[in-house]
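**Q** Letter by letter, the chains look like this.
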Amino acid sequence: MNALDTLVQPDRVHRSIYTDADVFNAEMSKVFGGAWVYLAHESQLPDPNDFLTSRMGLRPLIITRDSDGGLHALFNRCAHRASIVCQAECGSARRFQCSYHGWTYSNRGDLVNMPYPEGYPADFHKADHGLAQVPRLGTYRGLIFGTLNLEAPSLAEWLGPAGPLIDGFVDRSPSGRIEVRNCQRMIYRGNWKLAWDNAGDGLHPTFAHRSFLILNERQHGGARSLSQFKASPDDTGMYGADLGNGHMFVDQRPGLHQSFWETQRPVPGREWYAEQIEQSCGDGAADVLEMAPGSMINLSIFPNLLIKGNHFETVDPVTVAETRLHTWMVAADGAPDEVNVLRMRIAEDFPSLGNPDDLELFERCQEGLAIAEVEWVDMSKGLDHEAEEVDADGVARAPVTYEGPMRGYLRAWLELMSSDVKLTTAAAGEVTCEVAA
Amino acid sequence: MDPQAASPVDDRLYQRLADLLSSERPDPGPGHAELRPAVEQALHHEARLLDDRCYRDWLERFTDDCVYWIPLDPDGDPRAQVSYLLDDHRRMEDRIGLLETGWAHAQEPPSRTCRIVSNTAAWPLDGGETLARCSTVVWEHRKDRLTPFVSRNDYVFASLGEEWSIRFKIVRLVDSRGDVRKFSFVL
Chain C
8 MNALDTLVQP
18 DRVHRSIYTD
28 ADVFNAEMSK
38 VFGGAWVYLA
48 HESQLPDPND
58 FLTSRMGLRP
68 LIITRDSDGG
78 LHALFNRCAH
88 RASIVCQAEC
98 GSARRFQCSY
108 HGWTYSNRGD
118 LVNMPYPEGY
128 PADFHKADHG
138 LAQVPRLGTY
148 RGLIFGTLNL
158 EAPSLAEWLG
168 PAGPLIDGFV
178 DRSPSGRIEV
188 RNCQRMIYRG
198 NWKLAWDNAG
208 DGLHPTFAHR
218 SFLILNERQH
228 GGARSLSQFK
238 ASPDDTGMYG
248 ADLGNGHMFV
258 DQRPGLHQSF
268 WETQRPVPGR
278 EWYAEQIEQS
288 CGDGAADVLE
298 MAPGSMINLS
308 IFPNLLIKGN
318 HFETVDPVTV
328 AETRLHTWMV
338 AADGAPDEVN
348 VLRMRIAEDF
358 PSLGNPDDLE
368 LFERCQEGLA
378 IAEVEWVDMS
388 KGLDHEAEEV
398 DADGVARAPV
408 TYEGPMRGYL
418 RAWLELMSSD
428 VKLTTAAAGE
438 VTCEVAA
Chain U
31 MDPQAASPVD
41 DRLYQRLADL
51 LSSERPDPGP
61 GHAELRPAVE
71 QALHHEARLL
81 DDRCYRDWLE
91 RFTDDCVYWI
101 PLDPDGDPRA
111 QVSYLLDDHR
121 RMEDRIGLLE
131 TGWAHAQEPP
141 SRTCRIVSNT
151 AAWPLDGGET
161 LARCSTVVWE
171 HRKDRLTPFV
181 SRNDYVFASL
191 GEEWSIRFKI
201 VRLVDSRGDV
211 RKFSFVL
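Residue numbers (the working numbering), protein chains in the order written: chain C, 8 to 444; chain U, 31 to 217.
None of these hints come from the bench; they were simulated from the model.
It cannot be assumed that every hint is accurate.
Partner residues aside, some chain C positions facing chain U, computed with beta carbon under 8 angstroms [what the hints assert, rightly or not]:
#1 Tyr195
#2 Gln226
#3 Met336
#4 Val348
Some chain C residues near chain U, calculated using beta-carbon distances under 8 angstroms [said to hold, decoys possible]:
#5 Arg19
#6 Gln191
#7 Met193
#8 Ile194
#9 Ile221
#10 Val274
Built from N, CA and C at the ideal position, the CB exists for glycine as well.
So that you can see chain C by itself, here it is in the shape it has in the complex:
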């Protein structure tokens, strides 16, 4: 592995950050261990004893809510001989028993029983053999994060200006809560950072999603989903921002000249469900319908949560050249059911019509990156124009096609990768959980 600071330069990055297995292995500890990593959402385990399985980088996890409502992120690994102890995606359980030799754990991670207990050494104490767990958890508006780094800043500090933007996303729901439902899993043959580059990239829609733009104009006319990227997107007021710590923001809202609902492509059931809402909500119907389409923002919480439109995408690295993307349906809590039925159809609209083209292009990039002699990936657009406009939170905004957000997250990546992070695990009872909001 080359010296890291030669790999990330102000205007370009080296191909090896996408192709080198040593870089990938270091990322799996320093980034997907040393940073705050998004693990799950509280709405997925609403009741005591609920659980779900997730991953932190390559580490399989069981996220549990104990009988008192406390959250835990247990490594899904028997303390005895390493078998994963939980196979289910989600469910409700007080105990997890390893199928191999019967060691049994509570949903707090304590070892509560192992069969034939005679014969263990005199200094064998059950308290030392629970499921290892993530030592620091934090929640923000129901989003659960974890880190193995006791020196990491507080979650609130880590999120910084991304926090109020999460608030804006969540507060589109009448109750101020969101509900994360089922997900679609897609796998592509490319490095995980290709998805991350793309999430802060306002230059690609005009070209990568040309089929979608042409289709909408031909079939439906007028200003429809993404049409603000049709020509000269930088003249629309849309902007991108580097939020620090690797977080990125792309705001498409200034490019709209009508309501979200009017610009939304027609989805199945649009007319009937809108009519139900108009009948039941009267004068308030326009505001209620506005909850159905996407939020018109891309908010990326480094290193693995992309908030896009009205769904979450989680980035789950598999190998240096293989990545899983999970698209999670997010329902608006407290909204009429009709709104959430429309959100289901909207949440599968761009993901099924547009995402395949993105994934195809990620795979084409990975193919091109195989050429060892052509070393650099250019990210210079807008380099001489950083910080053109600074908003009230001190966040620098730049025209949407500029590549500042990418340069920003890679600076944060470099900082984490160059740091001397010490990762630790905890035993049951040693875990802290901070509530950032």
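With the hints as your guide, set chain U onto chain C.
**A** What follows is chain U alone, placed relative to chain C:
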């Protein structure tokens, strides 16, 4: 069909789709043998149209109030859960229109496919409709890779014979809860 026409999807239609999925249990029996030849003829014809990428001809075989659905959860209610896709006629037209723009990168070069349709059984429904179930493997070749898409499919045919037409097509991928490879051709 007029792209501005209203979607026929409403609560009643969703309920019918949810009921169709649950009608598999208890076991509905072996199927009506006398329906099978006509159903197989239609399914094999559909497979040829798709493998030949005759998408417009394929679309003409669907009723105006049709639904083409690829669920993610085998027991999911489409009102409460996101699917891979749940299309009415209008969004099916969009999906095909997208390929016709010539800029759908994920289909450049286009996939070549061969689909095998098997284990067909059929039952009569009220109003002259026919329920058909089959097992399907779509083999996709693109860019040096051969990828199987394995599914159990449900169809509701509005009519059979020369003028066969489909009201509902449900593609239940066996790996819909796992890692699906991207696809933008028609399954």
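**Q** Next step is simple, just say for each hint if it's right about the structure.
**A** Comparing the hints with the structure gives:
The beta carbon of Tyr195 of chain C comes within 7 angstroms of a beta carbon in chain U, closer than 8 angstroms, and the hint placing it at the interface holds. The beta carbon of Gln226 of chain C is positioned within 8 angstroms of a beta carbon in chain U (closest approach about 5 angstroms), and the interface hint is therefore held. Hint status for Met336 of chain C relative to chain U: holds, with the closest Cβ pair at about 4 angstroms, below 8 angstroms. Below 8 angstroms, beta-carbon pairs count as interface contacts, and Val348 of chain C has one with chain U at about 5 angstroms; its hint therefore holds.
Taking 8 angstroms as the C-beta cut-off, the interface hint given for Arg19 of chain C is violated, the closest approach to chain U being about 25 angstroms. Proximity of Gln191 of chain C to chain U holds as hinted, the smallest CB-CB distance being about 6 angstroms (cut-off 8 angstroms). Taking 8 angstroms as the C-beta cut-off, the interface hint given for Met193 of chain C holds, the closest approach to chain U being about 6 angstroms. The closest approach between the C-beta of Ile194 of chain C and any C-beta of chain U is roughly 4 angstroms, which is under the 8 angstroms cut-off, so the hint is satisfied.
At its closest, the beta carbon of Ile221 of chain C sits 4 angstroms from a beta carbon of chain U; the interface hint therefore holds under the 8 angstroms criterion. Interface restraint check: Val274 of chain C against chain U, minimum CB-CB distance 7 angstroms, threshold 8 angstroms, status holds.
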